[in-house]
Amino acid sequence: MNRTLRKLFSNASSLVGIVLLFVFIIIAILAPVIAPPLSEDPYQIPRMSWDVNPQPPGFSMSDNIRDIYDYMGKDLKWDISICGTAEGGYDIFYGLIWGTRTAFRIGLITVAIAAFIGVFIGSISAYFGGWIDEILMRITDIFLSFPFLVAAMVLTTILGRGLDKVMIALITFGWMGYARLIRGSILSAKEETYVMAAKALGVKDIKIIWKHLLPNTIFPVMVQATMNIGSMVITAAALSFLGVGAPVGYADWGQMVSFARNWIIGSPGNAGQYWFTVFYPGIFIVLFVLAWNLIGDTLRDILDPRLRGEL
Amino acid sequence: MIKDNKKLLLEVKNLKTYFFTEDGIVKAVDGVDFEVYKGETLGVVGESACGKSVTAFSIMRLLDYPGKTVSGEVIFKGENLLKKTEDEMRRIRGKEIAMIFQEPMTALNPVLTVGFQISEALMMHFKISKKEALKKSIELLKKVEIPIPEQRVNEYPHQLSGGMRQRAMIAMAMSCDPTLLIADEPTTALDVTIQAQILDLMKSLLREFNGSLIMITHDLGVIAEIADSIAVMYAGKIVEYADKRTIFYTPLHPYTFGLLTSIPRLDVEMKRLNVIPGIVPNPLHFPTGCKFNPRCRFATNKCREEEPPLIKVEEGHLVRCWNIDKVVKEVKKGLLVGV
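Protein chains in written order, with my numbering: chain A, 994 to 1304; chain B, 253 to 591.
Just so you know, these hints were derived from the structure itself, not from any lab.
Just so it is clear, CB atoms sit at the ideal spot from N, CA and C, and this is done for glycine as well.
Just so you know, not all the hints are guaranteed correct.
Coverage of chain A stretches by chain B, computed from C-beta distances (three or more under 8 Å per stretch; other residues unrestricted) [as the list claims (entries may be wrong)]:
1. 1108-1117
2. 1193-1207
Within a straight-line C-alpha distance of at most 27 Å, the following computed DSSO-like cross-link-like pairs (lysine-lysine) qualify [to be verified]:
3. A:1200 <-> B:523
4. A:1200 <-> B:335
5. A:1197 <-> B:379
6. B:564 <-> A:1204
7. A:1197 <-> B:382
Ranges of calculated distance between the beta carbons of each label pair, as one might list FRET restraints [stated by the list, open to error]:
8. B:532 <-> A:1131: 38 to 44 Å
9. A:1105 <-> B:334: 42 to 48 Å
10. B:406 <-> A:1008: 28 to 34 Å
11. B:277 <-> A:1123: 15 to 21 Å
12. A:1109 <-> B:406: 27 to 33 Å
The shape of chain A in the complex, shown without the other chains (with noise of 0.2 Å):
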């Protein structure tokens, strides 16, 4: 393990990936700090205004929002745009920063549960095999054969809006690659004396899998889950822009680029003049999966075991 640092650390690629999800992390925890919320509902983005048209940055909040906040006895702890407003006046800069805590929710949240489930059926399916092998992998199939993003989309539909429906409907449908490939590794696996040993000291089937098989066999899991944190963030943001993702208003950057839909074209005669509305949360999205992508091409070369000798 400790090599497996040391390698993640020495190689280039991966050190980038590693700092930009340092950066990440940072944002995350001092979100408060960074941008502290206006409301009493942190992710609920702040608007600063309530015009349609977004905002260039250093916009300053309209005077009537200000005299909201008056009336309601708030102190206003900022009150300028520094990457402009979204359509409707949502302030871009907050919902990046607390966007963030939501893009670390859905993809280590998403992941962490599809992959346990799709490592328990993985593993169950192998190591008993029979017709339980059979039927495990015939559910898996069904569900296999669904295309994932409208599969995705549908049960969210289904659910209604939300983040938590848009995990459970990516959960749903993000386990069976992990059970594959589990299953893949333990049919190999049980095969090795060692399995046999085990069942001949009168271990039991359960502490089998659990001690001896997943710890040999769960590395390449490792790594797929890894690359997977990024596409689930996107396939959570593609939910979101198509409008059945998170909530409007809700610091999410699917639905920032959501809200940037009506003017990534800008206006007649200034292609560019609402560039903020789509660059800042698309740079934020695409170096979020990257960080994940080149940790996980780094783990995968790192684990690989036809290139672990040689590394």
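Add chain B to chain A, keeping to what the hints say.
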């Protein structure tokens, strides 16, 4: 057998284990009977693929699909193991009957420490704490003569040499004081000097625990060293069964005789090594009659048509052959090594 005064520990009766493959039924073990007495060692000898290991796995009930024990009885301490539930069987494995495997390189899990693998069985069968189990593991490693056991207990298998891994395997198998130990070619993967050490170790441990041993091997030297009685297997059946002296001095089956004469000798001038011609028959297409007949130089028409039963030639000496008298003549010529 003759040792009626001794206590019977394991009795295998008419054990049949078949593999149901796509190409047909492979009769890996086809009607095997033998007994193991308390404190004694039974040697099971035979070529590769004659059913030795499958016999062992059948006793432990460790075979998975497509292998299945179709009939027979395995009576251990008066109870039929084949009738036990999977849970009862799990409690017997490791605690009552333990097994040592052929390849110490692969029989230890590479990602777990030696100490963990030994204490795992201890913790489960005796319900003791991790700390106690680890302490006992160190004692066991000391018993199997591994130097600096306090340090070795925390090491991973790849940090140990082949001989040491086999010692660790023995420690694992011995951890719960089993009454019966099944050793499946425990010395095959080791070089000769280490083999001798391991055999000595096993002998002294067996004496200490007063346990019984089933030693599965193709190495007659190992058998001569350790066994009390010997079962010679060929193509899934026992072809000769007797005590060690009888097998080595007066074998009556042509196969046993062939095995013994193919041991190279230093005291007799020999231009070529004696071999048994031919190979083990394909288990999907066994020859009719005696399964050894295509390779047997004594074979007659009767051998090709009718399979001989296990004939009792004297008390405690069973042979599966129609031509015992012919073999006797050959044996009298004095080609055998002797013990």
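Broken hints, by number: Violated hints (numbers, rising): 1, 3, 6; every other hint is consistent with the structure.
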